[in-house]
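Student: Next come the chains, spelled out residue by residue.
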Amino acid sequence: MTNWEADEARWSAWLVEAQAGNAGSYEQLLAELVPAIRAYLFSRFGSFEAIDDCVQECLLAIHQARHTYDARRPFRPWMFAIVRNRTIDVLRKVRPAPELPGADATTHDWNSEIDGRRLLEQLSQGLRETLLLTKLMGLSTAECAARQGISESLVKVRVHRGIRQLKSLWEAESS
Amino acid sequence: MTQRDDNALISTLVDDLQPVAVRWPALRVGAIWLVLSVAYVLGAMALLGPFREGAGTQLLTHPRFAAEMMVGVLAVICFIMVAIRQAVPGQSTRPLQYVALGLGAIWLFNFVAGIHFPTLEPSMHGKREFCAWESYVYSAPPALFAVVLLVRRFPLQPLASGINAGVAAGLIPAVTMQIACMYEPVHILEHHAAPIAVVALVTGVAAFMVNRHRHSHTRSDPLG
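The listed protein sequences correspond, in order, to chains P and Z. According to the numbering used here, the first sequence is numbered sequentially starting from 1. According to the numbering used here, the second sequence is numbered sequentially starting from 1001.
These are calculated hints, taken from the structure and not from any lab test. For glycine and all other residues, C-beta sits at the position ideal for the given N, C-alpha and C.
To give an idea of the chain P side of the interface with chain Z (calculated C-beta under 8 Å), a few residues: (1) 20; (2) 21; (3) 27; (4) 77.
Go ahead and model the full structure; you've got the sequences and the hints to work with.
Tutor: Structure representation (structure tokens):
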């Protein structure tokens, strides 16, 4: 049995026990899911400010949805469907920081941040850069607009379109 | 957020752990919804007025009429199955969603084509005075029942799930009206099919709002 299969079997068994009220199994399950979810998000977005919020929202959602898990079905599709949905929700709600995150923010080469973020790589350059600046780096709409040389309205449109495309790409990747 | 926050959240969730009853499979839930909803619609429709005289014979003697009824029934089944499956994370729904939309489109297109090439001879025979309003009355309980079933699961897209459930709930009286009310394509489109859109929208919004209300407390205060 590979590690992947072993994790799958163990997580599934723990969640079934948790459905019956076994707190020990549930604690072990959640403790193992935290790094797994973080690694999953990191592989798609790289490191971003809201990653810890995403992980916690995912744990909460898994807690609320635990009664919907069917042991006859694989665990990962169930869990990652929740993770994808909650992450998109968190990204939509991310409030930009009031000021630039660092003194060198305006001169930073933001495109170099894309490396390793395989979901973002699939977006057009404009959408990618806007999402990166506003949702992952925390710049305000005005700062992002100034940095990109576009209007604030266009920034908002790009954020909306970018998240929608990100969601579609992510769903397509998982299916 | 730190490792300590993660541990605090895990402790809170573990403390909150209660045994839960695993939900029934989507197929069983869909079958129960369908049987109860169809029984209610047929019963209520029979109470409020007679079914069109000769409709049974028309079903047997006009294959296209029987086929359009069958397509409508299959569309109901597909839409409610999509809705329920969407309420369980990780269940694939896209192929079935396409089938449901395809069947719904065929069912609807049949009446558009029927304006020029009607399935049955258009007639006022069997007309029910308030069939459009009746359709809303018949759809409401199945739609409400579906919303309850959906939010008791964990719909990741409650609006979409609700809309699918609403289409199924609206389709039941629309299909049944084909044997209970007058047969005339324009009348069917305006008075039997159009309410489906309203029921679908209202059910979608209801599912969204109820689901948000159900999960709002825990999500807004994870450690509280």
